[in-house]
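Undergrad: Take a look at the letters that make up each chain.
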Amino acid sequence: MCGLCGIFQGGDHWTDGSALLSPEVKRTRRHDRLHRVAITNKVLKFYGLKLTDWNGSSYILSNQTGQSQIIDNIAALWPAAEALRKRSLDPLDDKLIDALERA
Amino acid sequence: MAAYAELIPVNVITGFLGSGKTTLLQRLLRSPRMARTAVLINEFGEVGLDHLLVRQVDESMVLLQSGCICCTIRDDLNAALRDLLGKRQRKEIPQFDRVVIETTGLADPAPILYTLFAEPVLRHHFRLGNVITTVDAVNAERHVTRNVEGVKQVAVADHLVLTKTDIADAAAAEQARRILARVNPSARKFDACTDAIDAHTLLRSDPYDPATKSAAVQGWFQEESLRDGNDSADTHDHHMPHHASRHDRQISSFSLTFDGALDWTAFGIWLTMLLNRHGENVLRIKGILNVTGIDTPIVINGVQHLVHPPVHLDSWPSQDRRSHIVFITRGMDQERLRRSLAAFNQLSTEAVAA
Numbered sequence: 001m002c003g004l005c006g007i008f009q010g011g012d013h014w015t016d017g018s019a020l021l022s023p024e025v026k027r028t029r030r031h032d033r034l035h036r037v038a039i040t041n042k043v044l045k046f047y048g049l050k051l052t053d054w055n056g057s058s059y060i061l062s063n064q065t066g067q068s069q070i071i072d073n074i075a076a077l078w079p080a081a082e083a084l085r086k087r088s089l090d091p092l093d094d095k096l097i098d099a100l101e102r103a
Numbered sequence: 104m105a106a107y108a109e110l111i112p113v114n115v116i117t118g119f120l121g122s123g124k125t126t127l128l129q130r131l132l133r134s135p136r137m138a139r140t141a142v143l144i145n146e147f148g149e150v151g152l153d154h155l156l157v158r159q160v161d162e163s164m165v166l167l168q169s170g171c172i173c174c175t176i177r178d179d180l181n182a183a184l185r186d187l188l189g190k191r192q193r194k195e196i197p198q199f200d201r202v203v204i205e206t207t208g209l210a211d212p213a214p215i216l217y218t219l220f221a222e223p224v225l226r227h228h229f230r231l232g233n234v235i236t237t238v239d240a241v242n243a244e245r246h247v248t249r250n251v252e253g254v255k256q257v258a259v260a261d262h263l264v265l266t267k268t269d270i271a272d273a274a275a276a277e278q279a280r281r282i283l284a285r286v287n288p289s290a291r292k293f294d295a296c297t298d299a300i301d302a303h304t305l306l307r308s309d310p311y312d313p314a315t316k317s318a319a320v321q322g323w324f325q326e327e328s329l330r331d332g333n334d335s336a337d338t339h340d341h342h343m344p345h346h347a348s349r350h351d352r353q354i355s356s357f358s359l360t361f362d363g364a365l366d367w368t369a370f371g372i373w374l375t376m377l378l379n380r381h382g383e384n385v386l387r388i389k390g391i392l393n394v395t396g397i398d399t400p401i402v403i404n405g406v407q408h409l410v411h412p413p414v415h416l417d418s419w420p421s422q423d424r425r426s427h428i429v430f431i432t433r434g435m436d437q438e439r440l441r442r443s444l445a446a447f448n449q450l451s452t453e454a455v456a457a
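Protein sequences, first through last, are from chains A and B. Okay, so the first sequence: first residue is 1 according to the working numbering, each after it adds one. Okay, so the second sequence: first residue is 104 according to the working numbering, each after it adds one.
Simulated from the structure, these hints should not be mistaken for lab results. Incorrect hints may appear among the rest.
[Claimed, not checked] Chain A is nowhere near these chain B residues, computed Cβ spacing over 12 Å in every case:
no., residue
1, R130
2, A182
3, N242
4, R442
[As the list claims (entries may be wrong)] Covered stretches of chain A, as calculated for chain B (at least 3 residues, CB under 8 Å):
no., stretch
5, 34-40
6, 76-83
7, 87-93
Note that the structure is predicted; figures quoted are calculated from it, not measured. Here a beta-carbon is modelled for each residue, glycine too, at the ideal position from N, C-alpha and C.
Use the sequences and the hints to build the structure in full.
TA: Have a look at this one:
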């Protein structure tokens, strides 16, 4: 739990694992998170959503009308994004893949 | 939290009714190496288990709000494992360093695995070990092709043990082998009647034990049908009758191969999004990845919505430095998966500078 704001954090998620596991990886945790946010936003842009890092501990997902939700990790992002967008988000959707290939 | 490799491994022995689960368990428990193993079973059957640490659990489930059957906490299992842990810590029972769970014949294995991954107390003490599925050669076709649970039990297995080949006629046994090869080509297969079944190979050798991980991962890709990345469904199987309700027909196994390195972050984003939408249909995913910026391979291993923490291998198992990912899916399109992952991976090229 964060001592300042009292928010419970989830345990480590497997997507956070690479830098933790490998001492030879020079990337810092902060760089990892920014990298994750940058890539995720390229996907979320297709759905009109945006992710920002929050204090290096959680993420904030928001839509264009300003609704937002705090999430712990990328796995928790997708159900939250579907709820915010009120539609399913499918990585196998041809239109999404076309858009990513053009990005 | 203890390192993943130091958690107490939990093996699951599953298989259809009468497929020889308890007989296999008895055989394994005879080994002196199994002395420090606690065993959880659903019912005390006619076959007595003469082992120091056998406990019974009653099947009861708590369905989580997501409503997906594979994301279900098995309340009974949670209570039984916590009870074992408490007694072990209070020294009321002998110390154990492994747990084996024998499921009922009709059990869907996914909630058992989910309970280990997701329950907050259990996940800090236990990890999933090999899943072993017994398949009765006499009834394999009926059990695996006509039952959703049957085909799922075969699909999620790390090891498949074919039983009763001594009483099955040769054609039925051959047919059973074909079904297993088609549904789960990357699982290691044993014949209970002719192969040596030892506890070390079946239970202890897994990708999370530092001593065995390299060999265990190498075994995933040894099957001929997976080497060229082709869909193994419907090969060698011209004699099987077509049937509209055959559950095994909906299952396909294939391997995706990527020449260039994969960005770990992009891969994590892609896989979490895929499993969120299609987790129920991704019965199994196993892979060895060449990850950007890391010389040695990373191993991924997942069952439906659940993914083990990634593991580093100390070296590549062969000269092949490409990424290989084996999928066992229900009705998913191989080419679309490949295209989707490639599209996500190329997003990382510009993002790195960000």
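Undergrad: How does the coverage statement for the stretch 34-40 of chain A fare against chain B, requiring three or more residues with Cβ below 8 Å from a Cβ of that chain?
TA: Three-residue rule met by the stretch 34-40 of chain A, so holds; n is 6.
Undergrad: Beyond 12 Å from every Cβ of chain A: is that where the Cβ of R442/B lies?
TA: 6 Å, violated
Undergrad: Taking a Cβ-to-Cβ distance below 8 Å as contact, does the stretch 87-93 of chain A have at least three residues touching chain B?
TA: holds (count 5)
Undergrad: According to a criterion of three or more residues whose C-beta lies within less than 8 Å of a C-beta of chain B, is the stretch 76-83 of chain A covered?
TA: Check passed, 4 qualifying residues.
Undergrad: Checking a non-interface call: every C-beta of chain A should be farther than 12 Å from the C-beta of R130/B. Is that right?
TA: 34 Å, holds
Undergrad: Mind verifying the non-interface call on A182/B? Its CB should be farther than 12 Å from each CB in chain A.
TA: 21 Å, holds
Undergrad: Would you say N242/B is clear of chain A, with no C-beta pair closer than or equal to 12 Å?
TA: Holds, because the least Cβ-Cβ distance between N242/B and chain A comes to about 36 Å, which exceeds 12 Å.
Checked against the numbered hints listed earlier, the structure breaks hint 4 alone; every other hint is satisfied.
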